[in-house]
Amino acid sequence: MNINSFIHKKQYEKIVRVARRHPITFVKIIIFFILLLAIPFILFRLGEQLFPNLMHDEHLINDTIFFILFILAGCAYLLSVIIFFYAFFIDFYLDEMIITNDRMVDMEQNGLLARTVAEADLYLIQDVTSEIKGLFGSIFKYGKVSIQTAGAVPKFVIEDVPDPHGLRKLLLDLASEDKKFHAGQK
Amino acid sequence: MATIPLYIFLFIFFGALLILSIFYIIGISHLIATANLTFASFIITLAVSTFIGVSLYGTWNILRDTNWQRPVKIFDMAWFGNNNQFSE
Numbered sequence: 588m589n590i591n592s593f594i595h596k597k598q599y600e601k602i603v604r605v606a607r608r609h610p611i612t613f614v615k616i617i618i619f620f621i622l623l624l625a626i627p628f629i630l631f632r633l634g635e636q637l638f639p640n641l642m643h644d645e646h647l648i649n650d651t652i653f654f655i656l657f658i659l660a661g662c663a664y665l666l667s668v669i670i671f672f673y674a675f676f677i678d679f680y681l682d683e684m685i686i687t688n689d690r691m692v693d694m695e696q697n698g699l700l701a702r703t704v705a706e707a708d709l710y711l712i713q714d715v716t717s718e719i720k721g722l723f724g725s726i727f728k729y730g731k732v733s734i735q736t737a738g739a740v741p742k743f744v745i746e747d748v749p750d751p752h753g754l755r756k757l758l759l760d761l762a763s764e765d766k767k768f769h770a771g772q773k
Numbered sequence: 067m068a069t070i071p072l073y074i075f076l077f078i079f080f081g082a083l084l085i086l087s088i089f090y091i092i093g094i095s096h097l098i099a100t101a102n103l104t105f106a107s108f109i110i111t112l113a114v115s116t117f118i119g120v121s122l123y124g125t126w127n128i129l130r131d132t133n134w135q136r137p138v139k140i141f142d143m144a145w146f147g148n149n150n151q152f153s154e
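Going line by line, the protein sequences match chains G and U.
Adding 587 to a residue's 1-based position in the first sequence gives its number in the numbering used here.
Adding 66 to a residue's 1-based position in the second sequence gives its number in the numbering used here.
Please note: incorrect hints may appear among the correct ones.
Said to hold, decoys possible - Interface residues of chain G toward chain U, partial, derived using beta-carbon atoms under 7 angstroms: (1) M588; (2) N589; (3) I590; (4) L665; (5) I670; (6) Y673.
These are calculated hints, taken from the structure and not from any lab test.
For glycine and all other residues, C-beta sits at the position ideal for the given N, C-alpha and C.
Can you make the complete structure from the sequences, with help from the hints?
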């Protein structure tokens, strides 16, 4: 499936921008999961330091059930961590807003098993607010954009989006164009 | 004394693998269903798949000579009985 069929793009519609979270906001998740992945190796090194005789006992390493279970549990732990990392990535990556010259489609992934998709015509936009907060937000220029509409979904919010002020301006320009188009149709 | 064969733990491991693989497939299906097959998602999926492959290969490599039929003692009354080594 491509993005055009996902949003059921109309013939006259053109995708202007796909806004996602800034990649830098995913770095803290990567660091957290690297630490989680390192735990079994840190414990093994710690065990070597604290119990050198136990950890280098050939009989214990090669022949005991304890060792076999440790390897199975260690593998299950590492796979669980990497799969949860993937789930976090899906949650991060599928929070997006597709902006066309006619409407905006806001998709929000909540965990791995819940997703909300909302859309509103651009001419229904009443107010757009952009906000950059915090040290990293100021350095990497990402922040929040809140869109107030007169539609069924009154407020759209996209967090950690790069260049929020530029996105606000883009949305207001497109909304203005769309309002002119709809006024001309009446 | 109660014992179970070692392969019971292997089956538990396979059960955990099955659950994790369901999560993995759900993740990939979300990427496909929402038209998010981009270079970034490809790189992350490739990295995750490689990590899974290396972990499973490493585990198989370490445990390939294991005799899975051997019994594992899970309960023994002697564990709660008198233990002379501490009284000496």
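Verification of the supplied hints:
1. Given the 7 angstroms rule on beta carbons, the hint for M588 of chain G holds: about 5 angstroms separates it from the nearest Cβ of chain U.
2. The interface hint given for N589 of chain G holds, since its Cβ lies 5 angstroms from the closest Cβ of chain U, which is under the 7 angstroms cut-off.
3. Interface restraint check for I590 of chain G: the shortest CB-CB distance to chain U comes to about 4 angstroms, inside 7 angstroms, so the restraint holds.
4. About 5 angstroms separates the beta-carbon of L665 of chain G from the nearest beta-carbon of chain U, less than 7 angstroms, and the hint is met.
5. Hint status for I670 of chain G relative to chain U: holds, with the closest Cβ pair at about 5 angstroms, below 7 angstroms.
6. The interface hint given for Y673 of chain G holds, since its Cβ lies 5 angstroms from the closest Cβ of chain U, which is under the 7 angstroms cut-off.
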